[in-house]
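There are 2 protein chains.
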Amino acid sequence: MTELKNDRFLQALMRKPVDVTPVWMMRQAGRYLPEYRATREKAGSFMNLCQTPELACEVTLQPLDRFALDAAILFSDILTVPDAMGLGLRFTTGEGPTFDKPVRTAADINALGVIDPHAELKYVVDAVRLIRKELNGRVPLIGFSGSPWTLATYMVEGGSSKEFSKVKGMMFDQPELMHKLLDVLAQSVTEYLNAQIKAGAQAVMVFDTWGGALTPRDYREFSLQYMTQIVDGLIKENEARPVPSILFTKGGGAWLEDMTLSKCNALGVDWTIDIGDARKRVGDKVALQGNMDPCILYASPKRIREEVAGVLASFGKGDGHVFNLGHGIHPAINPEHVEVFINSVHELSRQYH
Amino acid sequence: MTELKNDRFLQALMRKPVDVTPVWMMRQAGRYLPEYRATREKAGSFMNLCQTPELACEVTLQPLDRFALDAAILFSDILTVPDAMGLGLRFTTGEGPTFDKPVRTAADINALGVIDPHAELKYVVDAVRLIRKELNGRVPLIGFSGSPWTLATYMVEGGSSKEFSKVKGMMFDQPELMHKLLDVLAQSVTEYLNAQIKAGAQAVMVFDTWGGALTPRDYREFSLQYMTQIVDGLIKENEARPVPSILFTKGGGAWLEDMTLSKCNALGVDWTIDIGDARKRVGDKVALQGNMDPCILYASPKRIREEVAGVLASFGKGDGHVFNLGHGIHPAINPEHVEVFINSVHELSRQYH
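Just so you know, the sequences run in chain order A and B. Numbers 2 to 354, taken from the numbering used here, label the letters of the first sequence in order. Numbers 2 to 354, taken from the numbering used here, label the letters of the second sequence in order.
Honestly, the hints are just simulated from the structure, not real lab data. Worth double-checking, as some hints may not be accurate.
The list cannot tell twin chains apart, which means a pair is met if one copy fits it or any two copies do.
Unchecked claim - With a straight-line cut-off of 27 Å between C-alpha atoms, the simulated DSS-like cross-links for lysine-lysine are:
| hint | residue 1 | residue 2 |
| --- | --- | --- |
| 1 | K251 | K163 |
| 2 | K167 | K251 |
| 3 | K281 | K251 |
| 4 | K167 | K303 |
| 5 | K181 | K303 |
The shape of chain A in the complex, shown without the other chains:
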């Protein structure tokens, strides 16, 4: 095993001392980078980019060559799991992801089985292994998956949704059926993340993009319960190091205390809460990852530095903070602004450690 040259990210997730606050960005391998767009074109389709380990590896490493990032994240899509279940994922321009075979009935759900990540998702496991090798210990690699509730929204709606009428209709009127779907997803995600860990992922993150569309009670019952089941089933140590887990519910700032009960190591937070308040609320139970508004990167370098300073000051002195945006970086952002952002985090955070 190659020695890890920069372990700030893993240390911070375990709330251990670091020299400066580690930083990475959701969607750091993405359309804002011209080199990403070139590889994406070469791949022909987005799915082909995800499914070709060499290309997925290439785009995963691209942002690390530009910026002093403290972690790499596997390039993939949250919807690989339902695709592996046979739903037929497609990306159409303007429309976003759609499934050829959405899941609408008891028969549809009963036909779903727990995926074998080494069969249907071998391309992901291979990509993780290859990225880990190519990283050569520069920074740790993050594996990830969508949360069961978030995957279910796409599977039942058949694609993106603003109102969630079908998936909520099922949740309200056929809760047992919804629980069956969420359970098969939770089992699949657990297998999937453990396969990523065994292949070399050094931390894992669960993206709950749509948990924030639920009431507090429905969130606990239909989203958090299944993320907790996943955390419970994860491999906790590999290569003689802890493998930290991060849960991120977009718009879930009100539920941080509940989320700590999952026993995950860290919580992602978006910019609609003050990270200092979040820290007071979660205490020493978890680390926090976040939480700058991604729109700040449209602003001037001076303003970006001010905002970084504000987030760092709000978190305050001490350990357990991984700097990140509160959501994925937008495609129209100027990469020079990203450089200012990343360097500011390192420069301005030294005083807090």
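Once you've looked at the hints, dock chain B against the given chain A.
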């Protein structure tokens, strides 16, 4: 002045005793009703429907003829104010609202003046007067406007937005300019709501649809500050009755305490917070309006009643609750489900008063 036959809604907003919990729905005059769709077709365009007092009156009254609602709300659009400022509002199918002349520069903003509601928005004032006459005291009439921040998002972006890159870019890099825009909007909205009150609106509501896209600090500075300015300038009493004001920031559940400082009478809350928790937090400072997930109306009548019971139980005994959905009713909802919803609120709430 005709006597008000049902004043539950106004009483509840002032936290006075009522026999049962009053209820109305955001977008209660809307596409889920076949009679609305017929009038909308007759009007030719959505803007013509808004701008013809007789037609606006007709659709405002339609839901009252079907359901035992405790309030009527003026049929209009939140974007009438920027349209009156000369931005050229248009509704295009699929695209939503767009402005011919978005506001992007200091020159654009310096050219904006405070609107005169009796000139550019005479059609709204006339509609309020006509609706009030036709209501003949059945229930109170609610006037409304978009919040300055929400109007600014549409004005700067030129229409709907998911990322708010332009308006946040202006906010971050040219805060003084953004404040100038928000101030002229706050003055205009104050004039507009006061004209609605003088024409017969018995309560007013400010819709802050996009305040929830801000950080807590930016929310206070760029949205709440201007809603507070509006509340401060509102006519507080008319026809020998208080005229209560309601502020509603979608996704603003975390900021209820801050919002009470505006001295408004009531806060709208969406379904992502528990209304019982919200009540504990605001104490006796304001009434609360909300907060059922609009998606519940896709569920069975039995499930709808259960959810109504749950919200009522969460709020608990006592005054100061106006039942509502946490957001507008969806166009695909079956009107029979709405009837179950409205009647359930009245039937099941008696025990709490």
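We went through each hint and held it up to the structure:
1. K251 with K163: both (14 Å within a copy, 14 Å between copies)
2. K167 with K251: Both, since 20 Å and 22 Å are each at most 27 Å.
3. K281 with K251: both (19 Å within a copy, 25 Å between copies)
4. K167 with K303: Between. Shortest inter-copy distance 18 Å satisfies the 27 Å Cα cut-off; intra-copy 45 Å does not.
5. K181 with K303: Classified as between; 22 Å across copies, 51 Å inside a copy.
Against the hints set out earlier in the document, no violation occurs for any number.
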